[in-house]
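Protein chains: 2
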Amino acid sequence: MEVISGTRIAQEIREGLREANLNDGIKPVLAIIVVGDRQDNLVYVRLKEKAVASIGGETRMVLLPEDIGKQDLLTAIEELNQDNKVDGILLQLPLPDELEKEKEEILGAIKIEKDVDGFTPANRGRLAGDGALFVSCAALACLEVIDRVYPSLEGKKIILAGDSFDVVVPLATILLKRQYPVSLYPCYQDGLAGKADILMVEKGAPRIIREADIQGEPLIIDAGFYWESGSSCGNVHCESVTGSGGYLLPVPGGLGPVLIAKLCENVSRAARRNRGQV
Amino acid sequence: MEVISGTRIAQEIREGLREANLNDGIKPVLAIIVVGDRQDNLVYVRLKEKAVASIGGETRMVLLPEDIGKQDLLTAIEELNQDNKVDGILLQLPLPDELEKEKEEILGAIKIEKDVDGFTPANRGRLAGDGALFVSCAALACLEVIDRVYPSLEGKKIILAGDSFDVVVPLATILLKRQYPVSLYPCYQDGLAGKADILMVEKGAPRIIREADIQGEPLIIDAGFYWESGSSCGNVHCESVTGSGGYLLPVPGGLGPVLIAKLCENVSRAARRNRGQV
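Chains as they are written, first to last, in the working numbering: chain R, 1 to 278; chain P, 1001 to 1278.
Derived from the structure by calculation, the hints contain no laboratory data.
Everything numeric in this text was worked out from a predicted model, so none of it was measured.
Even for Gly, the Cβ is constructed at its ideal location relative to N, Cα and C.
A couple of the hints might just be wrong.
Stated by the list, open to error - Estimated spans, in silico, between C-beta atoms of each pair: (1) Gly-1016/P / Ser-152/R: 49 to 55 Å; (2) Glu-102/R / Asp-1067/P: 52 to 58 Å; (3) Gly-1191/P / Glu-2/R: 29 to 35 Å.
Pulled out of the complex, with its shape left as it was, chain R reads as follows:
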């Protein structure tokens, strides 16, 4: 399979944004709220901070203690909603267990105009109606790759495996609204890689998709993420599929970087909106 470099796509997107922001004199401001000190959360937010800096923006980190109560967290969000200098607000997930249970209410407190993750229930819900102000960056990243590989999706058999609110449901909704059929499976199952022209696998198992599973020349977007023996992998056994036809967005170096570039796009758009430029 031809391996698609998510890193290169991300770089292209970010360069375009940096130039446009520079030309328009836009310096987007993203506030990232992190509750507690989970190491993986801290790693991800540093990547986001770096990416936002690369497009001429800045990040305001709001680090809150692990044991913060819901009301205090809601107050912190409301302050950022009210602060005109803040263009976008991102609440890093997962939250500590107690708050995670009330995630929907907490996400719902973010003003939809600043919801650059597209995670507020209202933006998620609007997607199937008259349109969301912001759409989940993971779903946008999948679309970016699909549209680059296939300028037209006419007649393509599209299969999505997973059931998440941030990848599968928004991606399926967007494709359906664009008038393309799409088949949804809650989890990857044997045979799917042989049936699809475009296969996006979020939920599966580490490295289960191998050469023998692939027929024709599908585009496979791997949206899984697992740690195995100290390194990261996805649902596709990358080494085994090199001889197959088609395209692979692999893990690592695939969806992750594109997702963060899409966040930069959302943040830049939020900044223009906040300055009345859209």
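Given the coordinates of chain R, work out where chain P should sit on it, guided by the hints.
Coordinates of chain P only, in the frame set by chain R:
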């Protein structure tokens, strides 16, 4: 095909609700907001009012003029949000053209705890996440019929045709969250009725599905609604399919009555919630 009586299912549901409400001393109060005087809207809201009365509840009709501005409509909604005597709020759609463009914002003003139509963007969005407080009655009505015909959906090929925020997207999301695969088509196309065990057709064309299209013994839920020569019909040519195997929820007398019974269920649940009984 065996014709399923939506009228009879609706009656069963309403009788169960009436008894439960009587036993628990619950008299649910539904506020219905109607903007303008579209005849079809007025017909539908009278049916809803009658159904709510049949389960021991009452309806407060809020009739607003066609040319009401958005702010005044939002104020009317906010008054109902604040009124503790009102358990559920339903905004009859479609709105007049000018307001219809701002439908998402207007629906979003309804408190999610009173959103018995499940139409607020936030309840729609929560469905793919940690769960909606209320789900669209049309999607619930489809599920009611599916679950009555098939106690298990294991191994069933499910196809949904349409792209609406109130039927297809929520139904697909619920089925996926229940871990069943589902195939989505933006519109009915030739051959679908021959491929599905369960086929829900919202978007198609009047009476296009005929006996020759049906293979095996599918359950077909007709969620289309058209006026032809002075009478209503759906996507299925009912007279032509009597000799086929399977089950048909027809139009008229199918989804419509079940949908209103599901509204009564949502209104009764809102009333219990409002009284601290859930």
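C-beta pair Glu-102/R, Asp-1067/P: status relative to the range 52 to 58 Å that was hinted: violated, 41 Å
Is it true that Gly-1191/P and Glu-2/R lie within 29 to 35 Å of each other by Cβ? holds, 33 Å
Given a hint of 49 to 55 Å, does the C-beta separation of Gly-1016/P and Ser-152/R actually sit inside it? holds, 50 Å
Checked against the numbered hints given earlier, the structure breaks only hint 2 and satisfies all the rest.
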